[in-house]
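Given the structure of chain D, go ahead and fit chain G onto it with the hints provided.
Quick mapping for you: the protein sequence lines, in order, are chains D and G.
Per UniProt numbering, numbering through the first sequence is continuous, rising by one, with the last residue being 412.
Per UniProt numbering, numbering through the second sequence is continuous, rising by one, with the last residue being 412.
What the hints contain is simulated information worked out from the structure, not anything from laboratory work.
One or more hints might be untrue.
Heads up, the list lumps identical chains together, so a pair's fine if it works in one copy or across two of them.
Keeping only pairs whose Cα atoms sit at most 25 Å apart, straight-line, the calculated DSS-like set for lysine-lysine is [unchecked claim]:
#1 Lys49 to Lys241
#2 Lys385 to Lys38
#3 Lys38 to Lys17
#4 Lys35 to Lys385
#5 Lys377 to Lys332
#6 Lys409 to Lys172
#7 Lys17 to Lys377
#8 Lys332 to Lys161
#9 Lys377 to Lys39
#10 Lys337 to Lys199
Number of protein chains: 2
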Amino acid sequence: MKGIVFIMDGLGDRPLKELNNQTPLQAANTPNLDKMAKKGINGIMDSIKPGIRPGSDTAHISILGYDPNIVYTGRGPFEACGVGIDIFPGDIAFRCNFSTVNDEFIVTDRRAGRIRDNTSSIISKLNEMKIEEYEDIEIVFKESTGHRAVLVLRGEGLSDKVSDADPKIEGKPPKIVVAKDDSAEAKKTADLLNKIVKKSYELIKNHPINLNRVEKNEPPANIIIPRGAGAVPDVEPLNSKYSLNSACIAETGLIMGIARFAGMEIIEVDGATGGVDTNLDNIVDTIMDNVKNSDYDFFLVNIDGADEAGHDGNYKEKLEFIEKVDDIVVSKLLELKDTIIILTADHSTPISVMDHSADPVPIMINGSDIRVDGVNKFNEIDATKGGLLRIRGSDVMDIILDLMGKSPKFGA
Amino acid sequence: MKGIVFIMDGLGDRPLKELNNQTPLQAANTPNLDKMAKKGINGIMDSIKPGIRPGSDTAHISILGYDPNIVYTGRGPFEACGVGIDIFPGDIAFRCNFSTVNDEFIVTDRRAGRIRDNTSSIISKLNEMKIEEYEDIEIVFKESTGHRAVLVLRGEGLSDKVSDADPKIEGKPPKIVVAKDDSAEAKKTADLLNKIVKKSYELIKNHPINLNRVEKNEPPANIIIPRGAGAVPDVEPLNSKYSLNSACIAETGLIMGIARFAGMEIIEVDGATGGVDTNLDNIVDTIMDNVKNSDYDFFLVNIDGADEAGHDGNYKEKLEFIEKVDDIVVSKLLELKDTIIILTADHSTPISVMDHSADPVPIMINGSDIRVDGVNKFNEIDATKGGLLRIRGSDVMDIILDLMGKSPKFGA
Numbered sequence: 001m002k003g004i005v006f007i008m009d010g011l012g013d014r015p016l017k018e019l020n021n022q023t024p025l026q027a028a029n030t031p032n033l034d035k036m037a038k039k040g041i042n043g044i045m046d047s048i049k050p051g052i053r054p055g056s057d058t059a060h061i062s063i064l065g066y067d068p069n070i071v072y073t074g075r076g077p078f079e080a081c082g083v084g085i086d087i088f089p090g091d092i093a094f095r096c097n098f099s100t101v102n103d104e105f106i107v108t109d110r111r112a113g114r115i116r117d118n119t120s121s122i123i124s125k126l127n128e129m130k131i132e133e134y135e136d137i138e139i140v141f142k143e144s145t146g147h148r149a150v151l152v153l154r155g156e157g158l159s160d161k162v163s164d165a166d167p168k169i170e171g172k173p174p175k176i177v178v179a180k181d182d183s184a185e186a187k188k189t190a191d192l193l194n195k196i197v198k199k200s201y202e203l204i205k206n207h208p209i210n211l212n213r214v215e216k217n218e219p220p221a222n223i224i225i226p227r228g229a230g231a232v233p234d235v236e237p238l239n240s241k242y243s244l245n246s247a248c249i250a251e252t253g254l255i256m257g258i259a260r261f262a263g264m265e266i267i268e269v270d271g272a273t274g275g276v277d278t279n280l281d282n283i284v285d286t287i288m289d290n291v292k293n294s295d296y297d298f299f300l301v302n303i304d305g306a307d308e309a310g311h312d313g314n315y316k317e318k319l320e321f322i323e324k325v326d327d328i329v330v331s332k333l334l335e336l337k338d339t340i341i342i343l344t345a346d347h348s349t350p351i352s353v354m355d356h357s358a359d360p361v362p363i364m365i366n367g368s369d370i371r372v373d374g375v376n377k378f379n380e381i382d383a384t385k386g387g388l389l390r391i392r393g394s395d396v397m398d399i400i401l402d403l404m405g406k407s408p409k410f411g412a
Numbered sequence: 001m002k003g004i005v006f007i008m009d010g011l012g013d014r015p016l017k018e019l020n021n022q023t024p025l026q027a028a029n030t031p032n033l034d035k036m037a038k039k040g041i042n043g044i045m046d047s048i049k050p051g052i053r054p055g056s057d058t059a060h061i062s063i064l065g066y067d068p069n070i071v072y073t074g075r076g077p078f079e080a081c082g083v084g085i086d087i088f089p090g091d092i093a094f095r096c097n098f099s100t101v102n103d104e105f106i107v108t109d110r111r112a113g114r115i116r117d118n119t120s121s122i123i124s125k126l127n128e129m130k131i132e133e134y135e136d137i138e139i140v141f142k143e144s145t146g147h148r149a150v151l152v153l154r155g156e157g158l159s160d161k162v163s164d165a166d167p168k169i170e171g172k173p174p175k176i177v178v179a180k181d182d183s184a185e186a187k188k189t190a191d192l193l194n195k196i197v198k199k200s201y202e203l204i205k206n207h208p209i210n211l212n213r214v215e216k217n218e219p220p221a222n223i224i225i226p227r228g229a230g231a232v233p234d235v236e237p238l239n240s241k242y243s244l245n246s247a248c249i250a251e252t253g254l255i256m257g258i259a260r261f262a263g264m265e266i267i268e269v270d271g272a273t274g275g276v277d278t279n280l281d282n283i284v285d286t287i288m289d290n291v292k293n294s295d296y297d298f299f300l301v302n303i304d305g306a307d308e309a310g311h312d313g314n315y316k317e318k319l320e321f322i323e324k325v326d327d328i329v330v331s332k333l334l335e336l337k338d339t340i341i342i343l344t345a346d347h348s349t350p351i352s353v354m355d356h357s358a359d360p361v362p363i364m365i366n367g368s369d370i371r372v373d374g375v376n377k378f379n380e381i382d383a384t385k386g387g388l389l390r391i392r393g394s395d396v397m398d399i400i401l402d403l404m405g406k407s408p409k410f411g412a
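Chain D with its partners taken away, still in its complex shape:
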């Protein structure tokens, strides 16, 4: 028996006047999702708890069975996972921007002219960095997309209780990082970070890429500015926690980062853009191939387009994307045998809000021996009549494991 948790990112919505007071999911023509609802058990889910407005990261952390209130110390560690740095409990990770400072050390462009190319070569130079007083601390940089990068500090006596170096506006120097508590660890980390920021300028201001940018009148990526400190928590990998052999099929670095963080394997999909233009054929082929032919027994799948359309406030795009997923992907999922499928969302991204909201999301479970509940449409409203009633993200792994016959008994 295999298991799939299939997340349509940002799927949930609120009624829209333009759709005759229906949500995009209600208004969309989704024969396959509805068939799944009819064959399965339905309900609504709060990925964290009622009223809490989740990020995609905290929602997925919760759905994978980890407590985001404990595990989510900051964005840094998940960004680090997302760009593929191997991180270890106790590491302190930061999001960074390549920025531009002038000779007076004033930030003139927080995003270094939105530099897109060749940051990996600048990063190579940064990775030569050693800070004299802190030679025992390992300093690891890695480029992300565009002007973004990640910094990981590894060694004894560090803390994530430090402020950001990012001044947030241009025309100011990088902020002096300060300790957020009285610990020696926080003071040490703050001092180290201030030295890293200075040192980064020394190391890369005359990097060939930057000299070239200056020549072309583009802002050089001549300094690195960290923010969003987070200590890497000590979590049990998903596979050992639940005795699974798990893999993640996702489109965005954020979700892949969460999956890597949980120790899952990442299966990449050609043409997966994370937008409404993503290659759904490739995604569903990858799912079907791996469920049928690989040794993985558990899959986290995330398709991001509905969230993107929600953030853009584009109800037509959201509705059409839902119909495409229904047609191309869900139609195939219905063919799977010996598989428990939980299809849900991580959060709502209502068109009217253009951001995540705390509205619960519909959830349905398909598979053999399911207690079918008579709900025959998959949407936010009909789901409330279903047999699952209202559950939480933190229930999902336990439920799917039980239905897969892989759940340990608690007691005798």
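Just chain G now, kept in the frame of chain D:
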């Protein structure tokens, strides 16, 4: 966008034979509440958790987003807030009775003949109190209604782990207060309290008010007897916790005390009695005026009559009061624009129980973009068919904040 949490105290009930097996809320004619149900999303709520029989205080604490298991150390601090004493974390607060003792120091009347007038002048005398060995401890008395008063102790090394001085029955001397644990703080506080009880008798036995009462053959209020010790917890005020500018419109000292405790402003209403005879016109005018014209963006409203009728076991009074609230108050609430209204109760006060019960209460949410669920009556039974399903008191603030667009995102 403004928000109102509107509590009909003790509204929930159980089916009554006299009402053809309907609850008073079911049997009442409530076109406006039903219109709200039809326009909104409905459900049931356990203000603390299923099966826990809440007080109005603990229920409101939970609904305001504080954990009563942590915050509710005893009745004292909330009574102190209710009578308007400014309390601070670490203060130890007590409910007190004015009582009557005879020359042998035996309590002959625990309520001093239910004295109603002039207790403030006796309190003034009590506030001169100094206890020799504890001159660093500030001792603050304040009168409440009737024979009731409040005592607050402020200073270093105090504890709320002390027993009551109240002997509970007449014919006995005040109980010697003892420490409930081995701490020096509890022993010190117990010793101090015993001295305060004795000293109170010395200070007020010959107070003119008391000499006058003795002359008129009324029991003098010649001693003060504390009970219900509670340490004032360190809580974040509601306004900073949720970035709100909040106010409370309530009828009873208990609810006003909770609101003051949460740092809310109190808006007083002329003619609000807390009974079924309360001036509902003034209450609704106060609500409407403040929602429309004040800078407050969040209101806690409590109307107490249904609870009173429940305690009295008077189903007709409860039903009629519900109809009056529907007619006078809810009809107007329906006119409010750009306002999220959560209408619910703090607990059930079933006619057949004549006290609070743990039966969940109906809850409904109105406002723009709400996921309307097809429920078209507001009562304990229809509410269970609604889209909210079953939530908790501790979800209420998070949910209303999200719908008001004031919720921070947890994660990215």
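Results of checking the hints against the structure:
1. For the homomeric pair Lys49 and Lys241, the shortest alpha-carbon distances inside one copy (22 Å) and between copies (18 Å) are both at most 25 Å.
2. Taking CA atoms no more than 25 Å apart as the test, Lys385 paired with Lys38 passes in both settings, with 12 Å inside one copy and 17 Å between copies.
3. For the homomeric pair Lys38 and Lys17, the shortest alpha-carbon distance between copies (17 Å) is at most 25 Å, but the shortest distance inside one copy (27 Å) is not.
4. Taking the shortest alpha-carbon separations for Lys35 and Lys385, both the intra-copy value of 16 Å and the inter-copy value of 21 Å come in at or below 25 Å.
5. In the homo-oligomer, the alpha carbons of Lys377 and Lys332 lie at most 25 Å apart inside one protomer (18 Å), although the nearest pairing across protomers, at 37 Å, exceeds that limit.
6. Neither within a single protomer nor between protomers do Lys409 and Lys172 lie at most 25 Å apart by alpha-carbon distance, with minima of 59 Å and 28 Å respectively.
7. Taking CA atoms no more than 25 Å apart as the test, Lys17 paired with Lys377 passes in both settings, with 20 Å inside one copy and 24 Å between copies.
8. Proximity of Lys332 and Lys161 under a CA criterion of 25 Å is satisfied in neither setting, with 47 Å inside one chain copy and 50 Å between copies.
9. Both within a single protomer and between protomers do Lys377 and Lys39 lie at most 25 Å apart by alpha-carbon distance, with minima of 10 Å and 22 Å respectively.
10. In this assembly of identical chains, Lys337 and Lys199 lie within 25 Å of each other by CA distance neither inside one copy nor across copies; the values are 57 Å within and 56 Å between.
Checked against the numbered hints listed earlier, the structure breaks hints 6, 8 and 10; every other hint is satisfied.
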